[in-house]
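Kindly produce the complete structure, drawing on both the sequences and the hints.
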Amino acid sequence: MGEENKVILHGVWASPFSKRVELALKLTGIPLEYVEEDLQNKSPQLLRCNPVHKKIPVRVHNGKPIAESLVILEYIDETWKNSPRLLPKDPYKRAKVRFWTSFVQQQLFDTMFTVTKTEGEAQRKAVKEVSEKLQVLEEGIKELFPNGNPCIDSQNIGLLDIVILSLLGPHKVQEEVLGIKIIDPEKTPLIFAWLTAINQLTVVKESTPPHDKLVALLKFLRENSLKSSA
Amino acid sequence: MEQVQLLGMWLSPYSYRVIWALQLKGIAYEYIEEDLSNKSPLLLQCNPVHKKIPVLIHSGKPICESSVILEYIEEIWPQNSLLPCDPYERAIARFWIKFADDKGPIVWKICGTRGEERQKVIEESLEMLKTIEEHGLGDKKFFGGDKISMVDIAFGGLAYWPGVIEKVLGRNLLEAHKFPRLHAWTKNFKEVPEIKENLPDFGRLLKRQT
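If you read the sequences in order, they're chains Z and L.
Quick note on full-length UniProt numbering: the first sequence kicks off at 1 and runs consecutively.
Quick note on full-length UniProt numbering: the second sequence kicks off at 1 and runs consecutively.
Keep in mind the hints are simulated off the structure, nothing from the lab.
A few of these clues could be false.
To give a feel for the contact side, a few chain Z residues facing chain L, derived at Cβ under 8 Å [as the list claims (entries may be wrong)]: (1) 15; (2) 51; (3) 55; (4) 66; (5) 68; (6) 71; (7) 92; (8) 98; (9) 103; (10) 189; (11) 193.
Ideal Cβ positions, reconstructed from N, Cα and C, are used throughout, including at glycine.
Dropping the structure here:
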C-alpha cells in the first residue's frame, strides 16, 4: 500500500488534544502511523503541514494535512460512516454537542491549566472558577443524559465524551498531584458518573498512559511552571 | 411555517454572521435587537449559560454561539450551501472559522486599550492579519474560491471594523500594499448583495468608538 492511503498522526503523548484524535482513530478502527513529535525540535513535516500554528495534533491522509483537534474529529465523523458516529444525526442535538464542546474547550481548559500551574491565591481563584463552571456543565448535561445515568460504550461514545475525557479523564491524577478535589461526586454526581463510565471503556484504558507516568508528568509540568513564574 | 427568530445586537460582528447566513439562504426571520445593559427575559431564558447574543430560536428551540448557529443553519437549510461538499475542503474551512473565532477577536481590543498595551494589541492584530493574508486567502475571490462561504462570514467583521479603527487611531491598519489579498477580499465581500444590504452604519460605529 502506497503513501496515498496512509493515515499519519503527528502528536505528543502528553497532549490532551493529541489524545483526542488518537482515541477517535482507535474507536473507528482506522489504522494509523503515529509520529511522536518533540515540541522543542519540531519535524519539518509538522511545520510544513501546520505552517499557521506549528502545533500538534496534525492528521495527514492521502498526503493532505488537517490541523486542530476538533476540526480533525469532525472530519473523521464525516468520512467514516460506520459507528461510532462522533456527532448525532439530528441537527439540533448536533448543535447541543457543539455548544457544550465549545464550553468545555473555552471555559474549562484554560482555567484547569491555571489550577495545575499556579499556587496560592491564583490557584484558589482558578479552582473556584472551575468549580462554578462544572456546576454549569452538570446542569447542562442533564438534557444529554435524561435518565440521569450516563451509559457510554464503544458504540455510542461521541465528540463531547472524548473532549471531556481529554481534560478531566485524569482527574484522579490531578487530584493526587494538586491535593485538591476536582470532581466531587456529591457536588457534580452526573459528571463524576460520566467520567467513570468513559474511563472504564477498554479502548480508553488501552489509550491511557499508566497512572504513575501521568502523575510524574503533571508534577514535572507543575514544578517547571512554578519555577518559571517565581 | 417554522418560526425563526434572531436575538442580536447591531454592534456585534457575531450577530452579523448569523444575519448574513440567513440572508444568503433566503430564510425569513424576525430580528430582535437586544439591549445588553438590560437583557430581555427571552435572552436569559434562551442562553442561561452565557447570557450572550446571538441566539437563533428555531421553532421555539434556542441555539447559541455564532459558529454553532452557522453549522446548524447550514444543516437545516442546505440551499445556497456555505460549506464545501468535500470533507477535506470542509475541514480546511472549519480550520479557518476556528482561527477567526480564536484569533480574530484581538482586533476588537484595539480601541479599548491605551498606550503600551494598545501598541501590543496592534502588533498582535497585524500578525493575525498577516497569517490570513499569507495562508488563508490565496489568490481566490473568497476564502473558499469563487463563492462566498462560512469562512468569509466568520471573518466578516474584518471587512468593516478596520476602517472604523483606523479613523479612531488616525493611522492605517490594513494597508493595501501590505495586505493586497485582504483588501481585495474586503471589496469582494462587501459587494455581495446580501452583505451590502446588511452592514452596520459606519458613522454610527465610529461615534460609538470615540
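Would you settle whether the hint for residue 98 (chain Z) is holds or violated, based on the nearest Cβ-Cβ distance to chain L being less than 8 Å?
-> holds, 5 Å
Report holds or violated for the interface hint on residue 55 (chain Z), using the least CB-CB distance to chain L and a cut-off of 8 Å.
-> violated, 12 Å
Interface hint compliance - residue 103 (chain Z) to chain L, C-beta minimum distance less than 8 Å | holds, 7 Å
Mind checking the CB of residue 92 (chain Z) against every CB in chain L and telling me if the closest is under 8 Å?
-> At 6 Å from the nearest chain L Cβ, residue 92 (chain Z) passes the 8 Å test, so the hint holds.
Supplied contact hint for residue 51 (chain Z), tested at 8 Å Cβ to chain L | Holds, because the Cβ-Cβ distance from residue 51 (chain Z) to chain L comes to roughly 6 Å (cut-off 8 Å).
Grab the minimum C-beta distance from residue 189 (chain Z) to chain L and call the hint holds if it beats 8 Å, violated otherwise.
-> violated, 20 Å
Under the criterion of a CB-CB separation shorter than 8 Å, is residue 193 (chain Z) in contact with chain L as hinted?
-> Constraint on residue 193 (chain Z) not satisfied, violated at 21 Å.
Does the CB of residue 71 (chain Z) sit less than 8 Å away from some CB of chain L?
-> Holds, because the Cβ-Cβ distance from residue 71 (chain Z) to chain L comes to roughly 5 Å (cut-off 8 Å).
If you take the shortest Cβ to Cβ gap from residue 68 (chain Z) to chain L, is it below 8 Å?
-> holds, 5 Å
Status of the hint placing residue 66 (chain Z) at chain L (closest C-beta pair under 8 Å) | Holds. Min distance 5 Å.
With a cut-off of 8 Å, does the beta carbon of residue 15 (chain Z) approach a beta carbon of chain L closely enough for the hint to hold?
-> Result: violated, 17 Å to nearest chain L Cβ.
Hint compliance for this structure: hints 1, 3, 10 and 11 are broken, all remaining hints hold.
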